[in-house]
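Under the UniProt record's numbering, think of the first position of the sequence shown as 1, with each following residue one higher.
Don't read these hints as lab results, they were simulated from the structure. Remember, it's a predicted structure, so these values are computed and weren't measured experimentally. For glycine and all other residues, C-beta sits at the position ideal for the given N, C-alpha and C. Among these hints, one or two may not hold up.
Stated by the list, open to error - Using 20 Å as the maximum straight-line C-alpha spacing, the simulated EDC-like pairs for lysine to aspartate or glutamate come out as follows:
(1) Lys-20 with Glu-34
(2) Lys-28 with Glu-18
(3) Lys-20 with Asp-32
(4) Lys-23 with Asp-59
(5) Lys-38 with Asp-13
(6) Lys-28 with Asp-46
To be verified - Distance windows between CB atoms, simulated:
(7) Asp-49 with Ala-19: 38 to 46 Å
(8) Asp-47 with Asp-13: 37 to 45 Å
(9) Gly-61 with Val-33: 30 to 38 Å
(10) Thr-54 with Glu-16: 32 to 40 Å
(11) Ala-40 with Ala-17: 36 to 44 Å
(12) Trp-42 with Thr-14: 32 to 40 Å
(13) Lys-20 with Cys-45: 31 to 39 Å
(14) Val-51 with Thr-14: 34 to 42 Å
(15) Gly-61 with Glu-16: 16 to 24 Å
(16) Gly-61 with Asp-13: 22 to 30 Å
(17) Gly-53 with Ala-27: 40 to 48 Å
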Amino acid sequence: MKILQIFRYSHCDTPEAEAKLLKQIPAKRVGDVEDIAKAAVWLACDDSDYVYGTTLFVDGGMTLYPDFTENG
Numbered sequence: 001m002k003i004l005q006i007f008r009y010s011h012c013d014t015p016e017a018e019a020k021l022l023k024q025i026p027a028k029r030v031g032d033v034e035d036i037a038k039a040a041v042w043l044a045c046d047d048s049d050y051v052y053g054t055t056l057f058v059d060g061g062m063t064l065y066p067d068f069t070e071n072g
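Sequences and hints are given; from them, build the entire structure.
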């Protein structure tokens, strides 16, 4: 099971709820462990050596929506 899909399974008990969730994710998919790993690798490499004191959201753009916690 993909780790981030736990959110989908715990919040989307109907096809309608899942459709509502996916509608609010610009990437149109639930993320997986590889998405988190890619962000971690980028943060560990020299390409991010000037990145300090920021929050990196790896959520497919979901936090762009003000009501992202009310997905169904």
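Hint check results:
no.: 1; hint: Lys-20 with Glu-34; in the structure: violated (24 Å)
no.: 2; hint: Lys-28 with Glu-18; in the structure: holds (11 Å)
no.: 3; hint: Lys-20 with Asp-32; in the structure: holds (19 Å)
no.: 4; hint: Lys-23 with Asp-59; in the structure: holds (13 Å)
no.: 5; hint: Lys-38 with Asp-13; in the structure: violated (29 Å)
no.: 6; hint: Lys-28 with Asp-46; in the structure: violated (30 Å)
no.: 7; hint: Asp-49 with Ala-19: 38 to 46 Å; in the structure: holds (41 Å)
no.: 8; hint: Asp-47 with Asp-13: 37 to 45 Å; in the structure: holds (40 Å)
no.: 9; hint: Gly-61 with Val-33: 30 to 38 Å; in the structure: violated (18 Å)
no.: 10; hint: Thr-54 with Glu-16: 32 to 40 Å; in the structure: holds (35 Å)
no.: 11; hint: Ala-40 with Ala-17: 36 to 44 Å; in the structure: violated (30 Å)
no.: 12; hint: Trp-42 with Thr-14: 32 to 40 Å; in the structure: holds (36 Å)
no.: 13; hint: Lys-20 with Cys-45: 31 to 39 Å; in the structure: holds (36 Å)
no.: 14; hint: Val-51 with Thr-14: 34 to 42 Å; in the structure: holds (39 Å)
no.: 15; hint: Gly-61 with Glu-16: 16 to 24 Å; in the structure: holds (21 Å)
no.: 16; hint: Gly-61 with Asp-13: 22 to 30 Å; in the structure: holds (24 Å)
no.: 17; hint: Gly-53 with Ala-27: 40 to 48 Å; in the structure: violated (26 Å)
In this structure, the earlier hints numbered 1, 5, 6, 9, 11 and 17 are contradicted, and the remaining ones agree with it.
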